[in-house]
Amino acid sequence: MKIGFIGCGNMASAMIGGILKKGIVKKEEIIVSNLTEAGSRRSREKLGVETTMDNRQVVTQAEIVFLAVKPQFYEEVLKEIKDLLTEKHILVGIAPGKTLKWLEDTCGCPVKTVRLMPNTPAQVGAGMTAGCCNDRVTEEEAQKIREIAESFGRFEFIPERLMDAFSAVCGCSPAYVFMFIEAMADAAVAQGLPRSQAYSFAAQAVMGSAKMVLETGRHPAELKDMVCSPAGSTIEGVRILEDKGMRSAVFEALTGAAEKGKRL
5 MKIGFIGCGN MASAMIGGIL KKGIVKKEEI IVSNLTEAGS RRSREKLGVE TTMDNRQVVT
65 QAEIVFLAVK PQFYEEVLKE IKDLLTEKHI LVGIAPGKTL KWLEDTCGCP VKTVRLMPNT
125 PAQVGAGMTA GCCNDRVTEE EAQKIREIAE SFGRFEFIPE RLMDAFSAVC GCSPAYVFMF
185 IEAMADAAVA QGLPRSQAYS FAAQAVMGSA KMVLETGRHP AELKDMVCSP AGSTIEGVRI
245 LEDKGMRSAV FEALTGAAEK GKRL
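Numbering (my numbering), first residue to last: 5 to 268.
Keep in mind the hints are simulated off the structure, nothing from the lab.
Treat the hints with care, as some may be off.
DSS-like, lysine-lysine: derived pairs with alpha carbons at most 30 Å apart [unchecked claim]:
| hint | residue 1 | residue 2 |
| --- | --- | --- |
| 1 | LYS228 | LYS215 |
| 2 | LYS74 | LYS50 |
| 3 | LYS148 | LYS248 |
| 4 | LYS92 | LYS25 |
| 5 | LYS266 | LYS105 |
| 6 | LYS83 | LYS102 |
| 7 | LYS74 | LYS25 |
| 8 | LYS148 | LYS228 |
| 9 | LYS50 | LYS6 |
| 10 | LYS31 | LYS148 |
| 11 | LYS148 | LYS105 |
| 12 | LYS266 | LYS74 |
| 13 | LYS31 | LYS83 |
| 14 | LYS105 | LYS83 |
| 15 | LYS6 | LYS86 |
| 16 | LYS102 | LYS26 |
| 17 | LYS266 | LYS83 |
| 18 | LYS25 | LYS102 |
| 19 | LYS6 | LYS92 |
| 20 | LYS148 | LYS26 |
Label pairs and their computed distance ranges (CB to CB) [claimed, not checked]:
| hint | residue 1 | residue 2 | range |
| --- | --- | --- | --- |
| 21 | THR238 | GLY112 | 57 to 65 Å |
| 22 | ASP139 | PRO198 | 51 to 59 Å |
| 23 | ALA235 | GLU151 | 19 to 27 Å |
It should be emphasised that the depicted structure is a prediction, and the values quoted were computed from it without experimental measurement.
Idealized CB from N, CA, C, for every residue including glycine.
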């Protein structure tokens with residue numbers, strides 16, 4: 005089995021890094037295509053994988069083909085490679101809004117198709133990815149996809165109808181979390197902390213809080229209550245966040261992102 009990536013930007017590089025770190029395949033068993041020779045050189049130097057500037061070569065050499073280009077280029081790329089796809093290939097899309105049916109219809113032929121939605125924390129091995137497959141993908145092949153996805157973080161199969169919701173809560177939300185960390189750091193700087201320490205402290209607090217949710221299994225509200233002493237400073241901050249509409253803003257942001265994803 006050889007794994008191919010059409011496109012090798014930040015997300016593809018993160019995925020490949022996880023695959024190699026976990027030893028799922030060797031460097032020689034991965035081929036990536038880039039638009040430019042400079043891009044190919046970066047992929048060779050950073051990842052040590054085989055590179056090409058020919059998308060069709062990726063398909064002829066790989067059994068699992070990841071479409072790692074921007075969504076607006078999916079149709080163009082699929083038209084370029086579709087005559088090379090066979091019943092042995094597994095085509096994996098990682099773009100929001102590109103459904104299994106859309107991928108198969110655009111190919112114009114029966115093909116094993118998978119949708120994955122990784123997020124940017126995959127770059128540090130802490131991604132959260134969801135996936136779904138069409139009925140041509142076997143259980144064994146689905147487990148291979150799981151193994152690949154778990155090499156750069158957590159993974160779950162979900163019904164395709166939930167992919168837009170997942171994309172909003174996991175694909176988009178790192179941007180909102182980064183904004184939250186930045187705002188926390190700005191407030192810390194205003195209170196006298198050096199900027200470098202402020203970012204580090206805020207990021208560690210967010211990471212530790214998330215880890216508590218995952219590892220304790222306790223409801224976030226219960227964990228929040230553990231921090232809020234009667235008449236204390238924490239509950240005063242909670243009161244202000246509620247007054248400023250934090251929950252509503254987050255709710256509306258994720259809902260808007262999910263609806264936008266459906267229209268891509």
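(message) Please list, smallest to largest, the hint numbers that this structure does not respect.
(response) As far as the earlier hints go, 3, 8, 23 are violated by this structure, in ascending order.
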